[in-house]
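Chain S is already provided as a structure; the job is to place chain Y on it using the hints.
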Amino acid sequence: MNSIDATIAEKGLMSSEMGSERTLYPYVTGTSVIGIKYKDGILMAADMGGSYGSTLRYKSVERLKPIGKHSLIGASGEISDFQEILRYLDELILYDNMWDDGNSLGPKEVHNYLTRVMYNRRNKFNPLWNSLVLGGVKNGQKYLGTVSMIGVHFEDNHIATGFGNHLARPILRKEWHENLSFEDGVKLLEKCMRVLLYRDRSAVNKLQVWCLFPFVTSAFYPLFS
Amino acid sequence: MFRNQYDTDVTTWSPAGRLFQVEYAMEAVKQGSAAIGLRSKTHAVLASVNKANSELSSHQKKIFKIDDHIGIAIAGLTADGRVLSRYLRSECINYSFTYESPLPVGRLVVQLADKAQVCTQRSWKRPYGVGLLVAGLDESGAHLYYNCPSGNYFEYQAFAIGSRSQAAKTYLERKFETFMDSSREELIKDALFAIKETLQGEKLTNSICTVAVVGVGEPFHVMDQKTVQEVIDSLEITEERADQGAAMQEDRSPETAPMDI
Numbered sequence: 001m002n003s004i005d006a007t008i009a010e011k012g013l014m015s016s017e018m019g020s021e022r023t024l025y026p027y028v029t030g031t032s033v034i035g036i037k038y039k040d041g042i043l044m045a046a047d048m049g050g051s052y053g054s055t056l057r058y059k060s061v062e063r064l065k066p067i068g069k070h071s072l073i074g075a076s077g078e079i080s081d082f083q084e085i086l087r088y089l090d091e092l093i094l095y096d097n098m099w100d101d102g103n104s105l106g107p108k109e110v111h112n113y114l115t116r117v118m119y120n121r122r123n124k125f126n127p128l129w130n131s132l133v134l135g136g137v138k139n140g141q142k143y144l145g146t147v148s149m150i151g152v153h154f155e156d157n158h159i160a161t162g163f164g165n166h167l168a169r170p171i172l173r174k175e176w177h178e179n180l181s182f183e184d185g186v187k188l189l190e191k192c193m194r195v196l197l198y199r200d201r202s203a204v205n206k207l208q209v210w211c212l213f214p215f216v217t218s219a220f221y222p223l224f225s
Numbered sequence: 001m002f003r004n005q006y007d008t009d010v011t012t013w014s015p016a017g018r019l020f021q022v023e024y025a026m027e028a029v030k031q032g033s034a035a036i037g038l039r040s041k042t043h044a045v046l047a048s049v050n051k052a053n054s055e056l057s058s059h060q061k062k063i064f065k066i067d068d069h070i071g072i073a074i075a076g077l078t079a080d081g082r083v084l085s086r087y088l089r090s091e092c093i094n095y096s097f098t099y100e101s102p103l104p105v106g107r108l109v110v111q112l113a114d115k116a117q118v119c120t121q122r123s124w125k126r127p128y129g130v131g132l133l134v135a136g137l138d139e140s141g142a143h144l145y146y147n148c149p150s151g152n153y154f155e156y157q158a159f160a161i162g163s164r165s166q167a168a169k170t171y172l173e174r175k176f177e178t179f180m181d182s183s184r185e186e187l188i189k190d191a192l193f194a195i196k197e198t199l200q201g202e203k204l205t206n207s208i209c210t211v212a213v214v215g216v217g218e219p220f221h222v223m224d225q226k227t228v229q230e231v232i233d234s235l236e237i238t239e240e241r242a243d244q245g246a247a248m249q250e251d252r253s254p255e256t257a258p259m260d261i
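Top line first, the protein sequences correspond to chains S and Y. Read left to right, the first sequence gives residues 1 to 225 (the UniProt record's numbering). Read left to right, the second sequence gives residues 1 to 261 (the UniProt record's numbering).
Next up, chain S with everything else stripped away, as it sits in the complex:
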């Protein structure tokens, strides 16, 4: 293995004079994020765990963050790369606010901006090792989308990353409908998070659940108190 890597390095395909500097593997990672549209807006849930390999090392990591006035971002994957993304978004929202002209970036704009960022990093062989869920409501319009570390992006009524794709989406496909009330939405998310806690080795039993519109709130639901 090492000799093969060495020959590639010698050919200079993926290294510079100073040695290659690109993300090779993630270190501290978050597991699944689930997002759904409900009647009045968006609900997103993620647990608060940061795993260091197979060790469940950090148990108070906030993986859901509000962005601007209209959006919510959730990330799975490398936590430090998520923090970098938050810095980019902070700058983006700051410049948007500095215009002070009544216009503001909505979830669609933020989602596309992130897609451009992730895709460009992937093209440089230095990806931000995250799967992002971007949800929001602007002028009554709900928006829910995802971007992966290679720049694959799409919108849907329910989104999940990581293990959530395999364990939660089947539940969502069966039980999601257009007119979920807030309570039913939370119950649905709780059901999915419970399944993930049973079957995902990197899940922890402390959650963040965010709702967007009519007001942005945060609630911490420990599954086992």
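Hint data in this document are derived by calculation from the structure and do not stem from the laboratory. Predicted model, so just to flag it, every value in this text is computed and none were measured. Backbone N, C-alpha and C define an ideal beta-carbon position, used for all residues, glycine too. Be aware that one or more of the hints could be misleading.
What the hints assert, rightly or not - Partial pick of chain S residues on the chain Y-facing surface, computed with a CB cut under 10 Å: (1) N97; (2) D101; (3) G102; (4) N103; (5) L105; (6) K108; (7) H111; (8) N112; (9) Y113; (10) R116; (11) L167; (12) N205.
As the list claims (entries may be wrong) - Residues of chain S placed beyond 12 Å of chain Y at every Cβ, according to the derived structure: (13) G19; (14) Y27; (15) S60; (16) Q83; (17) N123; (18) F125; (19) N179; (20) Y198.
Unchecked claim - In the DSS-like style, the derived pairs of lysine-lysine whose C-alpha atoms are separated by at most 27 Å in a straight line are: (21) Y:K61 / Y:K203; (22) S:K138 / Y:K41; (23) Y:K41 / S:K69; (24) S:K108 / Y:K65.
Relative to chain S, chain Y alone:
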């Protein structure tokens, strides 16, 4: 405005605190043929007078589409106008690519104004010799802006630039309070009437003017000449009726006088 010793450089102030080169640039705008713009809550209309060098040549293009939701009309140095419209199109398309969303008009005009300002503060540059009427649609409705060679910009309900624009402005000043709630058709009629005012006697036909519209559910486009001629014809019919009505009133007054006696 007369030649004086402070007008050679754009970076030289006059003792009265004026930048003459910038003011001369604004004179260039007044030399171009007229362009007018007006807007309601949901629509914005641009109209321009087409001037051709001779009967043999085609006329100058004065109205440019910048994006589906923004268009401009220019007066002044057409070449400068073309270059600026290329810049505006570039900004719009870059924003669209990154954010999948149309660039808000207010932000585009600020970027354009900042670009114009740079040329008023560099000794190796000259101000753009073109005034732009920027009409566009936003989340907050339809907007009309005027961008000056000086780097200033203003938002307007209705405005006219270019030669003999004062006649159009006088007409618009009379009627502007009704524009906000006007329908699309009324706006276009008012635009053509204002153009008529600048022609001062010359007959208004579809070959000497261009009209463009942008509105809710309607991307920016230049109206085809047939439709423009139809609106011009309906304008003349309304005018004739108004003239006839005035004539009829004059007939009535001699009738009342004998009865008074």
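If you test the structure against every hint from before, which numbers come out violated?
Hints 1, 11 and 12 not satisfied by this model.
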